Amino acid sequence: MGTIWDILNNLDWSPLWISLKTGAVATFISFFLGIYAARKAVKMTPGKKAVIDGILTLPMVLPPTVAGFFLLLLFSRRRPLGILLYENFDIKVVQTWLGCVIAATVIAFPLMYRNARAAFEQIDVNLVYAGRTLGMSEMRIFWTVVIPSAGPGIASGTILTFARALGEYGATSMLAGNIPGKTGTISQKIAMVIQDGDYATAGIWVAAVILIALAVIILMNLILGKRMKTVKRW
Amino acid sequence: MFKRVVSSLLAVVMVGALLTGCGGNPSEEQKSESTSSESKEESEAEGDDEAAEETEIQVFIAASLNTVMTELAEKYNEEHPEVKITYNADSSGTLLTQIEEGYECDIFFSAAQKQMDQLEEDGLVEEGTRDNVVNNQVVVVTLKDSGTKVTGLENIEEAASFALAGGSVPVGKYTRQALVNLGKLEENEDVSTITTEQVSDALGGLEISEQDNVSKVLSAVAEASCEVGTTYYSDTYGYEDKLDILETVSYDLTGNVIYPIARVVNDEANDAQKAAADDFMKFILSDEAKAVFDSYYFDTDVE
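Protein chains in written order, with this note's numbering: chain A, 39 to 272; chain B, 2 to 304.
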């Protein structure tokens with residue numbers, strides 16, 4: 039036990055904050071982007087929808103390291119987009135925390151999008167028609183009719199997105215690197231200490247990531263559950 | 002129709018605002034980062050702030066060097082507290098790709114010559130700075146008191162199962178090379194192309210569990226999934242209570258397992274950073290550092 043306390047006292051907690059911040063921001067971005075993309079997809083013609091859907095789901099299919107490699111090529115400081123961003127806007131994606139966020143967002147986004155889309159497709163279209171008949175604006179219908187009806191799907195998408203973003207490893211290590219205090223997430227820390235055979239420290243981080251994930255997911259379920267009056271127990 | 006256009010426009014604006022809103026955060030981080038890297042002018046403006054004097058250097062290290070390099074950085078900082086050493090630890094191949102794609106890097110410390118050769122070919126190595134730091138030995142390990150009959154690669158067939166890294170993983174390649182030199186495997190121009198099935202057949206159908214990196218080999222043996230495995234001597238650090246070393250395979254069989262280091266071309270580095278990187282590299286090659294490498298089971302007897 040003594041050794042565990044020693045480790046805890048000397049532990050650098052930066053991976054915790056980096057992971058939490060990354061998870062939260064990536065979920066936030068994916069939430070809105072995912073809902074927006076899902077809404078667009080639902081309104082598309084079947085052919086167009088199939089193609090766009092395939093593209094948006096791709097990051098989920100590719101091994102994260104491969105997705106990360108493509109992201110690295112895209113934002114590379116030696117290639118057009120990376121140069122453009124850096125020279126004109128002073129934005130550096132590789133080797134920065136922004137890279138962590140982008141990697142986690144790209145990898146986790148399909149979960150939000152797919153869940154939101156499935157939820158939108160299952161709502162009772164008559165409700166939307168009723169809204170239109172009553173002269174509600176499309177925007178208002180979307181926020182007051184569609185979103186509440188699709189609540190459970192959106193909630194599950196949000197939770198899955200957060201869980202995936204929190205644990206992201208492959209794409210992050212490619213795009214943002216494993217720089218302690220800057221881009222070193224919990225997942226990368228665990229990989230590193232396992233390599234050193236330091237199971238005690240690895241265990242602490244595994245426990246930390248499990249506790250956070252559990253706490254956040256239970257909390258989200260409770261909050262979202264209370265708001266979803268349409269959900270019945272059965 | 003008009004409403005639909007307005008609503009989708011609003012959504013775009015919303016997403017755009019989100020993105021820029023989130024862009025604010027990292028740029029803040031970048032600011033704090035640039036205060037330490039481009040500190041010259043700003044440090045004068047800030048006066049005699051101690052932290053502002055800090056020079057940050059980016060050092061990319063192979064993952065297996067993480068522990069020893071962390072200790073070396075602490076040692077170096079005792080005498081040079083003004084230098085902030087920022088590590089990026091990953092597999093040498095990933096690090097190479099990152100440097101090639103424009104990561105800011107001052108020193109690259111690779112686990113194999115191959116990646117350093119490639120970097121040199123790309124013209125990203127500062128001329129004349131490349132040096133060999135340590136050598137590493139391949140060892141045959143088993144779980145402590147496993148009672149295995151195997152005494153080394155010589156009679157590896159007697160194991161019930163063998164944890165071997167794939168041919169593209171350096172330790173897997175070196176093990177294959179040693180088996181070729183022992184006459185157990187057929188000669189092959191590129192030993193890394195010998196598949197695990199071929200190794201298994203050549204060893205009389207020995208069950209081989211292919212692993213994709215050294216730490217998985219270690220876990221496979223330490224958790225008794227495999228009777229024996231081959232890994233680097235330095236990677237057994239921290240496993241003294243769990244593993245027995247059956248054989249330290251000689252360099253004659255494996256060839257050298259050199260870890261090279263070099264200064265990397267970094268356009269963004271200012272003179273202070275360049276000087277700090279040069280000095281830190283000198284330290285890595287010093288006798289003081291050698292003693293630390295030795296204590297982590299690296300072989301410092303290199304040319």
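Hints were generated in silico from the structure; no laboratory data involved. Take the hints with a grain of salt, since some may be wrong.
Straight-line Cα separation of at most 27 Å, DSSO-like style, residue types lysine-lysine; simulated pairs [to be verified]:
(1) Lys220/A to Lys85/B
(2) Lys85/B to Lys59/A
(3) Lys220/A to Lys243/B
(4) Lys145/B to Lys220/A
Pair ranges (Cβ atoms, derived) [unchecked claim]:
(5) Leu183/B to Asp236/A: 32 to 42 Å
(6) Ser52/A to Val303/B: 51 to 61 Å
(7) Gly148/B to Tyr124/A: 35 to 45 Å
(8) Gly241/A to Glu128/B: 38 to 48 Å
(9) Asp123/B to Ile93/A: 30 to 40 Å
(10) Asp202/B to Pro118/A: 21 to 31 Å
(11) Asp236/A to Asp123/B: 54 to 64 Å
(12) Glu198/B to Leu96/A: 49 to 59 Å
(13) Leu257/A to Leu183/B: 33 to 43 Å
(14) Glu159/A to Thr130/B: 58 to 68 Å
(15) Ile42/A to Ser287/B: 28 to 38 Å
(16) Asp242/B to Gly92/A: 22 to 32 Å
(17) Ala161/B to Ile121/A: 31 to 41 Å
Values in this document were obtained by computation on a predicted structure and should not be read as measured data. Backbone N, C-alpha and C define an ideal beta-carbon position, used for all residues, glycine too.
Hint check results:
As the CA atoms of Lys220/A and Lys85/B are separated by approximately 13 Å, the hinted pair is consistent with the 27 Å bound. The straight-line distance between the Cα atoms of Lys85/B and Lys59/A is roughly 24 Å, inside the 27 Å bound, and the hint therefore holds. Taking the CA atoms of Lys220/A and Lys243/B, the gap is near 34 Å; set against the 27 Å cutoff, the hint is violated. This hinted pair does not check out: Lys145/B and Lys220/A have alpha carbons roughly 39 Å apart, beyond 27 Å.
Range check, Leu183/B to Asp236/A: about 34 Å between beta-carbon atoms, so the 32 to 42 Å window is met. At roughly 34 Å, the beta carbons of Ser52/A and Val303/B sit outside the given window of 51 to 61 Å. Between Gly148/B and Tyr124/A the beta carbons are some 60 Å apart, a value that contradicts the proposed interval 35 to 45 Å. The hint said 38 to 48 Å for the Cβ distance between Gly241/A and Glu128/B, and at roughly 46 Å that hint holds.
Checked against the hint of 30 to 40 Å, the C-beta distance between Asp123/B and Ile93/A comes to roughly 32 Å, which is consistent with it. The hinted window of 21 to 31 Å between Asp202/B and Pro118/A is violated, with their beta carbons roughly 49 Å apart. For Asp236/A paired with Asp123/B, a C-beta distance near 34 Å fails the hint of 54 to 64 Å. Take Glu198/B and Leu96/A: their Cβ atoms lie about 32 Å apart, and the range 49 to 59 Å is violated.
Range check, Leu257/A to Leu183/B: Cβ separation about 59 Å, and the 33 to 43 Å hint is violated. Distance hint check for Glu159/A and Thr130/B: the Cβ-Cβ separation is about 60 Å, which falls inside the suggested range of 58 to 68 Å. Restraint check, Ile42/A to Ser287/B: a C-beta distance of roughly 35 Å satisfies the suggested window 28 to 38 Å. Distance hint check: the CB atoms of Asp242/B and Gly92/A are about 51 Å apart, inconsistent with the given range 22 to 32 Å.
Distance hint check: the CB atoms of Ala161/B and Ile121/A are about 56 Å apart, inconsistent with the given range 31 to 41 Å.
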